[in-house]
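Colleague: Letter by letter, the chains look like this.
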Amino acid sequence: AQSVAQPEDQVNVAEGNPLTVKCTYSVSGNPYLFWYVQYPNRGLQFLLKYITGDNLVKGSYGFEAEFNKSQTSFHLKKPSALVSDSALYFCAVRDPSGSARQLTFGSGTQLTVLP
Amino acid sequence: EAQVTQNPRYLITVTGKKLTVTCSQNMNHEYMSWYRQDPGLGLRQIYYSMNVEVTDKGDVPEGYKVSRKEKRNFPLILESPSPNQTSLYFCASSLQGIVGNTIYFGEGSWLTVV
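As they're listed, the protein sequences go chains A and B.
Be aware that the first sequence starts at 710, since it is given in the working numbering, and climbs by one per residue.
Be aware that the second sequence starts at 35, since it is given in the working numbering, and climbs by one per residue.
You may find that some hints are simply not true.
Some chain B residues close to chain A (C-beta under 8 Å, calculated; not the full set) [stated by the list, open to error]: (1) G50; (2) L75; (3) L77; (4) P117; (5) F124; (6) F139; (7) E141.
The set of hints was computed from the structure by calculation and includes no laboratory data.
Where a beta carbon is used, it is the ideal one built from N, C-alpha and C, also for glycine.
Can you make the complete structure from the sequences, with help from the hints?
Modeller: Structure follows, in structure tokens:
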């Protein structure tokens, strides 16, 4: 079975500082990995995904994520945080070799960027 | 504008009173799905549909029904709601399967069962 872990419920960072939101995964095959962001009272918005190729993936709003197969991680990063980045972030994984069709989500990390 | 539309956005109902949350997408997507979001648990899949007339259970299907009579619509039915179904519900869609394809989410439906 596939699973995703987001070890931090809450991450606080000062505006202008780099931010990292951690994600580790477990799948039996090569993973497809996704990051989504949820702003208050809104649905989830797609940020970026890793399917294959370059381990560093660039996405929307200046975010990027690095796929690390040996550490089974897919951490979300941004060089300089903005107050407007404050939101709930979800990592998700899909095992393309599995028979299941669903996307498995982590429990979410609340990012707060302090002015 | 490409979107997934859910209704109602907010609903308070009583235990046992049947309700339906509608979901419609205008992107001609084959795949549609329902999730519920609960604090500390992230999103858990309730049901999904690979195409018209094809539905399958997700991780937490108990107490829910779905139907897929048309490609664009995927309603979620709670035949006899209970307080443990109080949650935030999301409908989602994507192109055939989700292998590598981006999933698009609706704005969410807050459901309270008293």
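Colleague: Each hint needs a verdict: does it hold in this structure or not?
Modeller: Structure-based check of each hint:
{"no.": "1", "hint": "G50", "result": "violated, 28 Å"}
{"no.": "2", "hint": "L75", "result": "holds, 6 Å"}
{"no.": "3", "hint": "L77", "result": "holds, 4 Å"}
{"no.": "4", "hint": "P117", "result": "violated, 22 Å"}
{"no.": "5", "hint": "F124", "result": "holds, 6 Å"}
{"no.": "6", "hint": "F139", "result": "holds, 4 Å"}
{"no.": "7", "hint": "E141", "result": "holds, 5 Å"}
Comparing the model with each numbered hint stated earlier shows that hints 1, 4 do not hold.
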